[in-house]
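Undergrad: Top to bottom, those sequences are chains A and B.
Using this note's numbering, read the first sequence as starting at 0 and increasing by one per residue.
Using this note's numbering, read the second sequence as starting at 53 and increasing by one per residue.
Misleading hints may appear alongside valid ones.
Here are a few chain A residues that face chain B, going by a calculated C-beta distance under 8 Å [stated by the list, open to error]:
#1 149
#2 157
#3 161
#4 162
#5 164
#6 165
#7 168
#8 169
#9 172
#10 175
Derived Cβ-Cβ restraints for the label pairs, each shown as a range [stated by the list, open to error]:
#11 A:61 to B:92: 24 to 34 Å
#12 B:122 to A:105: 38 to 48 Å
#13 A:188 to B:127: 42 to 52 Å
#14 A:188 to B:88: 19 to 29 Å
#15 A:195 to B:62: 50 to 60 Å
#16 A:105 to B:62: 45 to 55 Å
Read the hints as simulated data drawn from the structure, not as lab findings.
Positions of the beta carbon are idealized from the N, C-alpha and C atoms, including for glycine.
Listed below are the residues making up each chain.
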Amino acid sequence: MSNPLEQFEIKKIIPIEVGGVDISFTNSSLFMIIAVAASTLLFLLCMSRRRIVPSMAQAGAETVYDFIHKLLKENVGVDGLRYFYFIFSLFVFVAFGNMLGLFPYAFTFTSHVAAVGALSLTGLLFNMIVGIKKKKLAYFRIFMPKGIPLALAPLVVPIEVISFLSKPFSLTVRLVANMTVGHIMLKIIAGFIVALGAFGFVPLVFDSCLIAFELFISLLQAFIYTVLSCIYLGDALHGH
Amino acid sequence: MKKIPDDILDLKKNIENLKNREHLVEQKKADNSYEAASSLGFQIGVEIFAGTAVGGSIGYFLDDLFDIKPILLVIFLLAGGAAGFLNAYRTAKNFENGEK
């Protein structure tokens with residue numbers, strides 16, 4: 000049986016090194032570019048012939064738009080709609096990354112802590128900038144909730160700071176764990192198809208069910224990632 | 053007795069069909085709540101783990117910085133655990149508010 004972890008290996012396609020820092024173009028970067036290109040092309044294609052009564056494709060694209068629009072309105076409020084572009088791109092990028100990974104021989108960049116972690120940290124920075132821009136220095140009150148006596152500050156402030164910093168980490172771990180586990184399971188069960196010979200159809204049926212389930216999981220995880228990003232954005236805008 | 057017209061009979065059948073389907077959808081909703089609960093459970097586990105891990109790593113790096121191993125590691129590990137539980141509590145509360 001081939002190694003189920005082999006699929007997560009990062010391979011250099013174009014080695015680049017600037018000042019001792021390795022910034023090679025890898026299979027991970029390739030699939031990120033494919034995700035961006037594919038999503039842009041798909042949405043452009045769906046919206047190429049705009050009509051008041053939408054065609055099937057246009058209705059599909061509009062459903063995704065409406066869905067994120069509603070999500071943002073419910074979780075952040077009307078003033079959060081200004082950041083629609085960010086949340087929408089986040090959702091589409093993660094969803095395409097998850098789904099592209101389900102194709103045979105494809106690489107799942109959302110199964111790497113480095114890639115998703117960088118995305119989550121960007122989200123955190125974005126939230127901080129938005130929050131500081133809106134509330135100036137009062138933004139830092141999120142580390143010291145109202146109604147807490149000053150004597151407790153040395154205890155509460157570190158806890159709140161760690162709780163704040165652990166948000167992108169938990170976002171990352173959740174998405175990465177789900178994607179990694181799903182892909183390992185698919186590969187191990189696929190290995191049994193050949194190993195079991197004549198009875199190979201049993202894991203084959205199981206694997207086909209799993210693929211459908213994984214498709215659902217990949218969309219669900221993209222959704223959860225987006226919802227939590229919305230909630231954090233709402234926290235940054237409105238505070239506790 | 054006057055015969056009931058066909059289209060009204062059809063309508064009756066249609067209504068019954070829809071009622072059956074409604075019943076099925078409600079059953080599905082119960083399944084969905086199970087799914088939501090299990091995803092919440094996973095989320096809370098991740099939340100507690102993330103708090104502790106972030107607290108621990110902050111303590112570890114600060115220890116390295118000030119060269120006073122392992123005092124800050126212990127303190128930040130405890131604070132991280134507390135932060136993890138705080139996040140888990142907030143997640144659960146958000147979930148409850150969403151249910152209502």
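Undergrad: None of the hints should be skipped; say for each whether it holds.
TA: To see whether the hints hold, each was checked on the structure:
Of the supplied interface hints, the one on residue 149 (chain A) is violated, with its beta-carbon coming no nearer than about 18 Å to a beta-carbon of chain B, more than 8 Å. The beta carbon of residue 157 (chain A) comes within 5 Å of a beta carbon in chain B, closer than 8 Å, and the hint placing it at the interface holds. A hinted interface residue such as residue 161 (chain A) counts as satisfied when its beta carbon comes closer than 8 Å to some beta carbon of chain B; here the least separation is about 4 Å, so the hint holds. Interface hint at residue 162 (chain A): satisfied, since its Cβ lies 4 Å from the closest Cβ of chain B, which is below the 8 Å cut-off.
About 5 Å separates the beta-carbon of residue 164 (chain A) from the nearest beta-carbon of chain B, less than 8 Å, and the hint is met. Interface restraint check: residue 165 (chain A) against chain B, minimum CB-CB distance 4 Å, threshold 8 Å, status holds. Evaluation of the residue 168 (chain A) hint against chain B yields a held restraint, the C-beta minimum of about 4 Å falling below 8 Å. Using the Cβ-Cβ criterion of 8 Å, the hint placing residue 169 (chain A) at the interface with chain B is satisfied: the shortest such distance is roughly 4 Å.
Contact between residue 172 (chain A) and chain B, as hinted, is supported at the beta carbon level, the nearest pair being about 5 Å apart and thus within 8 Å. Taking 8 Å as the C-beta cut-off, the interface hint given for residue 175 (chain A) is violated, the closest approach to chain B being about 10 Å. The supplied range of 24 to 34 Å is met by residue 61 (chain A) and residue 92 (chain B), whose beta-carbon atoms lie about 30 Å from each other. For residue 122 (chain B) paired with residue 105 (chain A), a C-beta distance near 44 Å keeps the hint of 38 to 48 Å intact.
In this structure the hint that residue 188 (chain A) and residue 127 (chain B) lie 42 to 52 Å apart at CB holds, the actual value being about 45 Å. For residue 188 (chain A) and residue 88 (chain B), the Cβ-Cβ distance of about 27 Å falls inside the hinted range of 19 to 29 Å, so the restraint holds. Under the hint 50 to 60 Å, the C-beta atoms of residue 195 (chain A) and residue 62 (chain B), about 52 Å apart, fit the expected range. A hinted range of 45 to 55 Å holds for the C-beta pair residue 105 (chain A) and residue 62 (chain B), which are about 50 Å apart.
Comparing the model with each numbered hint stated earlier shows that hints 1 and 10 do not hold.
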